[in-house]
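Take a look at the letters that make up each chain.
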Amino acid sequence: MSAATSFSVNGGTVRVTAPPLKRLADVLREDLGLTGTKIGCNAGDCGACTVLLDGRQVCACMVPLGQAAGRAVTTVEGLAEGGRLSALQAAFQRHGAAQCGICTPGMLLAASDLLARDAAPDEPAVMDALGGVLCRCTGYRKIVEAVLDVAAPQADSEPAAGSAVGARLAKLDGMAMLTGATRFGADAIPADALWLRVVRSPHAAARFAVGDLAPLYDANPGLVRVLSAADLPCNGFGVYPDLKDQPVLADGVVRFRGEAVLALVGEKTALEAIADEAVPVAYEPIAAVVGLDAAMAEGAPLVQADKPGNLLIDGGLRKGDAEAALGSCAARAEGVFETAFVEHAYIEPEAGWARRLGKRLELHVSTQSPYMDRDETANILGLAPEQVRVLPSACGGGFGGKLDLSVQPLIALAAWLLERPVACVYQRPESMASSTKRHPARIRARFGCDAGGILQAVTMNADFDTGAYASWGPTVAVRVPVHATGPYHVPHVSARGRAFFSNAPPAGAFRGFGVPQSAIAHEALMDDLAAQLGLDRLAIRLRNALRPGQATASGQVLQASVGLAPCLEALAPPWSAALADAAAFNKTGGAWRRGVGIGCMWYGIGNTGLPNPSTMALALGRDGALTFYNGAVDIGQGSSTVLSQICADALGLPLGHFQLVVGDTDLTADAGKTSASRQTFVSGKAAQLAGEDLRGQILRLANAGPDAEIALDGTALRVTDGAARHVIELDSLPAAADGTVLRGEGSFDPPTTPLDDNGQGNPYATYGFAAQLAVADVDLALGVTKVRKIVAAHDVGRAINPIQVEGQIHGGIAQGLGLALMEEYIPGQTENLHDYLIPTVGDVPEIEVIVVEDAEPLGPFGAKGVGEPGLIPTAPAILGAIRHATGVRIARVPALPHRLRAAILAQAGPEDDTP
Amino acid sequence: MAGYLRPNSVSEALEALRARRWTVLAGGTDFYPERVGKPLDDDVLDITALDALRGIEARSDHWRIPALTTWSDLLAADLPPLFDGLKRAAKELGGVQIQNVATLSGNLCNASPAADGVPCLLSLGASVELSAVDRVVSLPVARFVLGNRATALGPDQLLTAIVVPKPKARRAYGHFLKLGARRYMVISIAMVAAVAEVADDGTIRAARVAVGACSAMAKRLPDLEAALKDRRFAPGLGEAAVAAHLGSLAPIDDVRGSATYRTDAALTLVRRALDELGARP
Ligand SMILES: Cc1cc2nc3c(=O)[nH]c(=O)nc-3n(C[C@@H](O)[C@@H](O)[C@H](O)COP(=O)(O)OP(=O)(O)OC[C@H]3O[C@@H](n4cnc5c(N)ncnc54)[C@H](O)[C@@H]3O)c2cc1C
Ligand code: FES
Ligand code: FES
Chain H
1 MSAATSFSVN
11 GGTVRVTAPP
21 LKRLADVLRE
31 DLGLTGTKIG
41 CNAGDCGACT
51 VLLDGRQVCA
61 CMVPLGQAAG
71 RAVTTVEGLA
81 EGGRLSALQA
91 AFQRHGAAQC
101 GICTPGMLLA
111 ASDLLARDAA
121 PDEPAVMDAL
131 GGVLCRCTGY
141 RKIVEAVLDV
151 AAPQADSEPA
161 AGSAVGARLA
171 KLDGMAMLTG
181 ATRFGADAIP
191 ADALWLRVVR
201 SPHAAARFAV
211 GDLAPLYDAN
221 PGLVRVLSAA
231 DLPCNGFGVY
241 PDLKDQPVLA
251 DGVVRFRGEA
261 VLALVGEKTA
271 LEAIADEAVP
281 VAYEPIAAVV
291 GLDAAMAEGA
301 PLVQADKPGN
311 LLIDGGLRKG
321 DAEAALGSCA
331 ARAEGVFETA
341 FVEHAYIEPE
351 AGWARRLGKR
361 LELHVSTQSP
371 YMDRDETANI
381 LGLAPEQVRV
391 LPSACGGGFG
401 GKLDLSVQPL
411 IALAAWLLER
421 PVACVYQRPE
431 SMASSTKRHP
441 ARIRARFGCD
451 AGGILQAVTM
461 NADFDTGAYA
471 SWGPTVAVRV
481 PVHATGPYHV
491 PHVSARGRAF
501 FSNAPPAGAF
511 RGFGVPQSAI
521 AHEALMDDLA
531 AQLGLDRLAI
541 RLRNALRPGQ
551 ATASGQVLQA
561 SVGLAPCLEA
571 LAPPWSAALA
581 DAAAFNKTGG
591 AWRRGVGIGC
601 MWYGIGNTGL
611 PNPSTMALAL
621 GRDGALTFYN
631 GAVDIGQGSS
641 TVLSQICADA
651 LGLPLGHFQL
661 VVGDTDLTAD
671 AGKTSASRQT
681 FVSGKAAQLA
691 GEDLRGQILR
701 LANAGPDAEI
711 ALDGTALRVT
721 DGAARHVIEL
731 DSLPAAADGT
741 VLRGEGSFDP
751 PTTPLDDNGQ
761 GNPYATYGFA
771 AQLAVADVDL
781 ALGVTKVRKI
791 VAAHDVGRAI
801 NPIQVEGQIH
811 GGIAQGLGLA
821 LMEEYIPGQT
831 ENLHDYLIPT
841 VGDVPEIEVI
851 VVEDAEPLGP
861 FGAKGVGEPG
871 LIPTAPAILG
881 AIRHATGVRI
891 ARVPALPHRL
901 RAAILAQAGP
911 EDDTP
Chain G
1 MAGYLRPNSV
11 SEALEALRAR
21 RWTVLAGGTD
31 FYPERVGKPL
41 DDDVLDITAL
51 DALRGIEARS
61 DHWRIPALTT
71 WSDLLAADLP
81 PLFDGLKRAA
91 KELGGVQIQN
101 VATLSGNLCN
111 ASPAADGVPC
121 LLSLGASVEL
131 SAVDRVVSLP
141 VARFVLGNRA
151 TALGPDQLLT
161 AIVVPKPKAR
171 RAYGHFLKLG
181 ARRYMVISIA
191 MVAAVAEVAD
201 DGTIRAARVA
211 VGACSAMAKR
221 LPDLEAALKD
231 RRFAPGLGEA
241 AVAAHLGSLA
251 PIDDVRGSAT
261 YRTDAALTLV
271 RRALDELGAR
281 P
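Residue numbers (the numbering used here), protein chains in the order written: chain H, 1 to 915; chain G, 1 to 281.
Just so you know, these hints were derived from the structure itself, not from any lab.
Beta carbons: idealized from backbone N, C-alpha and C, even for Gly.
Hints are supplied without guarantee of correctness; some may be wrong.
Computed footprint of chain G on chain H, listed as stretches where at least three residues anywhere in the stretch have a Cβ under 8 Å from a Cβ of chain G [said to hold, decoys possible]:
| id | segment |
| --- | --- |
| 1 | 12-25 |
| 2 | 37-50 |
| 3 | 422-433 |
| 4 | 782-792 |
| 5 | 817-824 |
| 6 | 839-849 |
| 7 | 896-903 |
Chain G on its own, in the form it takes in the complex (with noise of 0.2 Å):
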């Protein structure tokens, strides 16, 4: 028989964790749905009681964004527009009843190629806090995903933070562009993030842009980040984009586009993205 466990303290679930196996259930959204008319007989430890992991904290260099934080969560938090690409993967994640309950944690922890947050948070240079009983180690999230439906995560850890560096430079500006065939609730066919730290001279001193639903795992693109470092931070940011720099994707022809397309697709994609950031005023 299926056992359930709603722990309200952060080290009951560890503790939990290091005695058996348990499959971990925040939001539920990717749970359910991969159990339609199938027996609900996991052993699940919901970690939905564990209140200390709530709420966006600022801290001096970083911004700490617990497990539970859920995509409605983020889109009501005051954050700065470093978080503007984040907080539009929200906003067309689902619906909202999705947006609701989701957690942004499950998202990356679920590792779906096509996962909203995980692009976003590559753009974000975002890392996780991984908590066992015995230790607290932090990944990057490069390292943390690390293919379709695959992660770093040990059967005795939980998630329990995604940490986002503070930029170095004053301004910094995020965006997020989706492309599905419909408007609402829709698994992107590619989608791209992006991120530029602007310097005060408005020159770009650091820019991140990952595409996601291309690859087995979303992937950052180096050489158009390189070609953006330096650059004016202005309208037009999309012509420093070419095609060169999305050949490390590997997209796949599935039901909702070709690869051929979705090749074509993340350049135009990638283009707009950086031509609205650079719009930014």
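The following block holds chain H by itself, in its conformation from the complex (with noise of 0.2 Å):
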């Protein structure tokens, strides 16, 4: 049933037919073309389709049209005042408030109606009034600043030519998510598009024959096709080039929960009105895999009959003789410390659309790997990789789950069978049904030192619960061995990581592929060792501190760039003033407690042991235009501005004269993935050398010496050295087809070396480094804990900009308190974002970020990467801050208050208050 009605949006009348319960998101997006209000969740969980009703913020997924008659909605797109930003959208965009920029929208809505109501709100104000929009790049903190600052004046600094390296520089492409222009994978879909919805397995193990169809079709006339296995020239993906497992469509037998089935292509309305019991699909459920020991023990049903024992992968690492080396250590500790699956919860759901023109494919999608989309797609649809052309949409998040194919194969194949546009756009559930996550870990593990508290020996055996499919499971179980005494000195080790399928989902990549939760390991057992020594817990951590010219678990020595050490000392007045805080807190007595606890961590930057190159250029057409092709796409983490600074003070010229062209598999070259931290490290060593390349360029061409400046005037280039003026006329070059002429190319693939059979080897070209201290209450009669404060020290090499370095720790330790605290998803119970808790708002404590620049000789200006590091040490710092409040040792994440609480029963009582 469809109606007429009328409501104004952002000051003018519309009038709408459509269904008068249709979602009010849904009329603004799809009816309107107001794309800037976003769906997360279209349940209330995630505040992303905040607008403003009346004045007053709702989310719109929840009201229907039918109640919007006759009143007023703003949205992001009415914020901006005559064509020039609000206040608050400016305050946004100088305290760098949006990353991938989803929860914008909702975020700036939220907060407009506070200062509608209090124009210069306190803090907790703020919380209250944005406590119901989850952001889960941000940690929150930048974006409250914003809003705390919306009075202060507006700064336009824009930085001199050499000078954008270091700067506080605003992202480049901030403004547009500040108006809502800008396009995430579900905003640019044709209205002519044809949609995709999938059919998925209700069992987490099950045999399936799909029944008579035609009933199915001829009671939905919308319903143009319904694709299976069988439509597939290639039914299978994955990540390794040899591990191609995850049917696209799951022939006859489904592995996890979630599975895609089937794939129903049609009109929007009438895929939307098929109940999923009208699909019909017969199941016969099967005794399902679940959990590491169902998966590991003797004789267990094998989830992919080809895999005995359901192992994916056994890796391992050799130095010296670490059993003998602890039988003689005066300290020893030892634990075994399990995680659970962590969803990444991205705001952005899986989106895209695809179309076939010709003989070739274009995928409009959010994905962090275009070239691998690219590549993956071709194989399973049988073309050839540059039949494909994969133009990546801004991409609401990814955290490592956007590396894996969802939605690409299916649109592709819609798209290339029925030659229509096809679009498809994930639930929620769905998405975190079929989505990859956070490998669940059974870390046994044992460290000895010597009297002094000095490291002697470290064992660990990781297993990883993979789901069913291999995905970036043996990444997980080869990075974890290498980085199993954290960054600490270690002369004898023995590390396993094995991975074991199970009927859950795959479990992928995700923030630090596996180092997290290894860290949770390694970080208990020093608390443990220093405890036993009567030592600070700091103080031992400095002691066994890597340096430079020592040597690894996988005996690579490291030269330069090591700075644990002084991220410790930085970190040493915070921690003794915390820790005289608490005990003084303590004395007061009362139901809380409150503990400091400190986590370190390492992090090899890149692939292990394997190439990792990328390429960028740089070219300056016959116009002046000056564009910067950069294959690395940003998914909020600010590559696109960060790779822009290196390469503009490469080259020489200021940062405003920059076009980007982002991510095209046909315009720029491949530049890896977004994941292992390390877009700015590889992808920006490419581009420094691609701004000198050019730089190189023009300077031969005016003859000038290598200090000379450059000047870009219309099309005229003005080189200057010394007393000596050149200027180089561009549209007197001769050009190439597309108005080229001259560009710059720089290409950079980190050294590093294979692993060998002990483990041994170079993996990893430089390492980031990271000291975090956090302040935890704990309420000893509930188990609730509240973290107060975390400082964090990170040693990045060179912070390129120090406001998406503060960013990215943020955000990390966001994610780590989420993973120490609040974090398991449950296949069919934790499914959504009401039942599955990320941090919100009120969750992240005040942080203070200590940026420590221990230059990375390889690196551009010195910079190594930190989108992964931020995370790593936040959870064993919280969960030593609890254990310092109340003794107990959490061996299994999340701390769930009825957890803590049990643990608290089951032990003594607190300890006493020795650091």
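Fit chain to chain and form the complex, with the hints in mind.
Set out below in structure tokens:
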């Protein structure tokens, strides 16, 4: 039933004919083209759809069109005043409050509702107002800062040539995020597109048969095609060339709840009207293998028939003789630590559309890996890679979860077969059920040191539940042994990483590739050793911190940029202050106890012992346009801005001249995946080389020396070399077909060596280091933990853009807090953002970031990565604080209130105040 | 095809309900989340244009909270300290964008075991006004909510108002404590609402304490209420509560918490709620 409804939007009256129950969010996006309003859950849980209704914030996904009648709606598109950003938008831009930008419209509207009532709110009021909007990227702190700072004057800061690196620059792509102009995966779907809906298994393990589809077609004239496994030329994908074990559509057997079984293609409204029960799939459930114990059990059913023992990979590392060395240690600690499946919970569900253009296929998707998407999709469809063009949309959060294929092969197949554009946007529950997860781990580790607290030996046995398909399981199992010791020097190491299949969603890549899990183990054991020897927890870490000239567990001798010691030294004053404060607080008694914890980490930047090149290009056109061809997709972490800063300074022109082409597989070279914290280091270096290459060409043309200054003035390139001045008229130079007259290129592949059979080698060219302290209060009677403060000291080599660096650290901390305290994905039970909890604005504490710049000689201007390091030390630091407060060593995360309370009850009583 | 009706008058709405079956829709915050990825094919009676069902009123012996009262309306309303618990529940329910549209009546009609409104209303001794074309009946909340997602609402009835009796004593205070695993937007693991009516001599004339999320529906604790009666209204009130008072609760294990934990936490929450209540000036 459709009806005409009139209401006002951003000041103008509209009249919409649509069903009155249609969600206002859908009406705004589909009927009015206002795609600035985002949809993250359709259930009130994420707040991405927040708009103002008669001036008050509401979730547009829960307002029926009928209720909008006669009322005034304000969307993000209505915030800018006369083409200029509002003061609030400008404050967001200034503070770097938008990372991926998908939550930004909702945040802006929630904040404007508050500011209309209270022009100078305090922090608690801001938090209350934003409490219903989730952000997975920023850790909220910069958003809160921006709202509190709304009244500050706008500063226009365009850095001069050569001074972009190190500047606190606002994101180049930030403006569009603030006005709602940024197009995410679901935002630019052509009106004539068919839609695709995936039918998914409700069972963790089952055989199935598809029944007669004729009645379904008959009952739904808008249903155009039902795709099944038989339609796929090659029905397997996976991130490893030799491990294409995941079917695009299951073929008679499903191996996890949420696995794709069929794809319905048709008119959007027709697909929406089809009830799940109407699709004839007959399942015959079989015994599911759930959890590591079941997967590893003798004679366990096989999840994949050709994988004996359900084993995906068994990787290891040996240096020295750990057993013997442990035997002679003065102090030894051991423990078993368990983690859960963790969901990426990017606020933008998987989305995209595809179209066929003759013999080519175009994919417009939200992704972290355009080239891999291209090659995988081509492989599945039986096309040559060059026949597929991937044009990434803006990516509303990835964190590793958008490295694997989701909608890509399905929309590609449908568009190819039907020769119509085909779109697919996942609903939140299917996104959660079908996407990859962080690997649940069970880590058994032993640490031993001498009487002075100097580490002698480490053993670690890390078993991972990799779910039904391989995904990035091998990466995790190989990376973790290398990092088993933590960022410490240990002469004797034995470490093993295994991954087992189970009937659960595939565990894949998630910020840190297993290292956050192992950090929980090594940091708890460091605390144990400190306690046994009566040493300060920071002091023992400093004594053991890896230093230049020392060898890692894989035998790699670190040469430079080994900044853990300076991080710990920077942390020492706040550490002492926090311990003193906690002791004073605990003297006052009461239900709450305060604790302080510390976590350290290191993280190898880039792929583990594998090539991982990136190529960047910078072109000057005859029209004077300066275009940066950057294949690294920016998933919110800021690479578009940071790489441009690097490239601009390498070239010697101001950033203002830069035009960006990002991640289009036809126009940009392969920059590799946006993962493993590698883009600043690897692509940044390539960008630097590209800038230098172009600069070299210009200087040669002008016959100028290396210190000459370059200026671009229309089509005139002016080169000043001391007293000598040259003008290069770009429009007089010979041009390529696309108008390019000068083109610089740079490629970088970090020098690494593969690991040998004993896990020895130089798997990474550089490592990030960090130490964080956490202050947390624990309600002993209820087991509730409230993190009060985090101080984070990170060695980033060089902060190309301090705002982005802080933003990455803040966001990582928020995810680390979630890992420690609340996040646990259980198939069928926590499949939405109502039951699966991620931190809200009120859960992320005050964060103080200390940037340590121990330059990496290989990196661009000394920089290395920071994307993942932010998260890794947080959970250990929080767990350390809980332990300091309660005496309980948490062996299983998340430390949900009921688990922590049980642990508190199980142990004798709180330990005393020894630091 | 789904029908949709958004009448302007209560009588029109009640006529519609008599004529056929409708799904009543108010703030939609329970309605829409239940239909993610599912067809919106209900016949919906949208009651949000019934302006007669807005505006809290204080009457001689009761307050009338009409059905369209949102949680934000409650927060903004000028109400005595008796309602402090309900207001606190309002402030902690969902986020502001939920509070702005979600109604207290919808929370009650949805009858989730974790509905924060239910223990509050039990502690207030509230009743519901159920209207049909041919009758208006009043039912205490404890007899309206029958279990997990079950109420006494008839197909032809609309909940038109919640009625809270005025206490006999001049002083009456309410309090509410919610336990969740994060700060905002969280369904309660357990929650407690408590009201004390204080006589002029400073003793408790009547107390009502209810615990939610620990049974199929929120439950009052009559033994505890009896133990509180005639006690001095003063700090330390929590010591009156003992585990046996919570014997009628039947919590379950779920992803939010274990049954054992809920039992244990409920007692802590009850004691704290009473301590904080008794500490009121
Ligand atoms: C993100 C989010 C967070 C939430 N957090 C909390 C929380 O912390 N605590 C909590 O308790 N709840 C929470 N809720 C649920 C809460 O919003 C609802 O219970 C709300 O109060 C219901 O009111 P509504 O007006 O939106 O109801 P609707 O969704 O419109 O209706 C709910 C049900 O009641 C019926 N109904 C509504 N009004 C009437 C009436 N007058 N007569 C007869 N039947 C009626 C409807 O038919 C429907 O079955 C949350 C919801 C969301 C989406
Ligand atoms: S889309 Fe509306 S709250 Fe998530
Ligand atoms: S910036 Fe908030 S979700 Fe990405």
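Each hint tested on the structure:
1. Under the rule that three or more residues need a Cβ within less than 8 Å of chain G, the assignment of the segment 12-25 of chain H holds, with 5 such residues.
2. Look at the segment 37-50 of chain H against chain G: 7 of its residues bring a Cβ nearer than 8 Å to a Cβ of that chain, three or more, so the hint holds.
3. Counting residues of the segment 422-433 of chain H whose C-beta lies closer than 8 Å to any C-beta of chain G gives 4; at least three are required, and the coverage claim holds.
4. Using a Cβ-Cβ cut-off of 8 Å, 3 residues of the segment 782-792 of chain H lie near chain G, which meets the minimum of three, so the contact claim holds.
5. Only residues whose beta carbon comes within less than 8 Å of a beta carbon in chain G count, and the segment 817-824 of chain H has 3; three or more means the coverage holds.
6. With 5 residues having a beta carbon nearer than 8 Å to a beta carbon of chain G, the segment 839-849 of chain H meets the requirement of three or more and the stated coverage holds.
7. Counting residues of the segment 896-903 of chain H whose CB lies closer than 8 Å to any CB of chain G gives 5, which reaches the minimum of 3, so the coverage claim holds.
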